[in-house]
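**Student:** Residues per chain are reported as follows:
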Amino acid sequence: MNCDQFLEMDINAYISSGILQEYALGHISDQERSEVECMSKIYPEIREALTTSEIDLESFAAAYAVKSPSKSRENILVAVKRQAQDSTIHSVTKDDNASETKEILIQSEVTERKSAWGGWAAAAAVIAIAIAVWQYTDNQASKDELQALKVEQNTLENKTAELETRVAQLSDGLNEVYSSSVKKVTLKSVKENNTTQLALLWNTETGEVKLNTSALPKLPSDKQYQLWVLKDGKPKDMGVLSKTEEGILIASNATKDGDTFAITIEPLGGKASPSLDQLVVMGAIS
Amino acid sequence: MFAAGDVRAMDLLYDNYADTLYGVILRIVGDEDQAKDVLQDAFVKVWKRSKSYDPSKGRLFTWLMSIVRNQSIDAIRKTNRSGKIYGTANDVAIANTSADNIDLSLNHDIKKVLDQLDEHHRDLIMHSYILGYTHPEISEKMEMPIGTVKTRIRSAMIELRSIFRDGH
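Chains A and B supply the protein sequences, listed in that same order.
Per this note's numbering, the first sequence starts with residue 1, numbered consecutively.
Per this note's numbering, the second sequence starts with residue 287, numbered consecutively.
Incorrect hints may have been included.
To be verified - The calculated lysine-lysine pairs, modelled on BS3-like cross-linking and capped at a C-alpha distance of 30 angstroms, are:
#	chain 1	residue 1	chain 2	residue 2
1	A	K71	B	K334
2	B	K337	A	K71
3	A	K234	A	K183
Treat the hints as calculated values from the structure; they're not laboratory data.
Could you build all of it, start to finish, from the sequences and the hints given here?
**Tutor:** Here it is in structure tokens:
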């Protein structure tokens, strides 16, 4: 059966339809059987749900186990041995005549006496293969599970590292907010009806300026924002600003002095002195 | 030459599953002598068909179970010599009654867990899984519509899952 038609199925709906339980119970049409087998090959979730039902039913059956008769094991081995020999003789005599059959049967009896083990050794070998395949599958499943767990562990480790960095950043941020040497300055638009505003944190001890640029409108690719600090009306370049994903960035220059911060729009790379007509926001240091 | 590993493999299959499968057979055929024969025939069949088992399609036990169930049902069909068309439901019901007298007392631990299972649910799983009843047969025996049989079996399986998950 081509399983491609089952790609993009709603697997949750399929699992909750109850068809997997019907499969495990053994009540299912041939077509549904092929369907379940396709689905469980494609989707590990379905395979897992199916295995769960199978294991539940195995446990159910095991609860009703009855000690098999003590002679059964021996009888079964003998029967399997006989079966193995029958099939050998059958295949040998297919193309031969009847007298040869008799001879082979006699030979077979002699062989049986010579080596009582030989016959069912073949049978046991076949069962050994079945069991080996079964154990291999179980082993393979464990390996797959281990691999999945390793991937999951990796993902979790990365996530933890990411969170640790984030917590460290936040904690630094909080320390800054509470530090007496850090001042918060709100920059607002100088134009009427323009609500653009942003906040910057200025460390008066180190001169470092941190600001969140996420509120600033996107610029054409040949323009850039530039930060200035003014002291008694005289501007000093604090560096150009790039709009980042997180929004928070540190100005490339530091200042320990000033009374006003301002941001202008300038050509890429910035200018030595601000274009006053391109003033976007400004705020006085209180 | 006969390798020691082959003996172990054969023992493993028998040790792991013979008692559980014998329990199933006994419940279906209801007679110890016949059950013994069916167990033997089933194992021979398992050996003959071992190459057809595909692990990617399901667990080994599920495969063994389908062979054993079919072998058991075939056996009671053969012993029914009255000439009438075989009706699985009734025949199995009779067989099952006689099996109740046999000591089905292994696995007390799992049985204890299964005691939490709703009696009707247990009965439904017993009939559909162990005894191999079809939906129409269960519908007839328990006098409920086939749709209800399906829904109830589904609830039974969900309950079975929850008691194994919470009970262990």
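**Student:** Against each hint, give a clear statement of whether it holds in the structure.
**Tutor:** Hint-by-hint comparison with the structure:
Proximity of A/K71 to B/K334 is assessed by CA-CA distance (about 21 angstroms); at most 30 angstroms being required, the pair is judged to hold. As the CA atoms of B/K337 and A/K71 are separated by approximately 27 angstroms, the hinted pair is consistent with the 30 angstroms bound. Annotation: proposed proximity of A/K234 to A/K183 holds, straight-line Cα distance about 20 angstroms (limit 30 angstroms).
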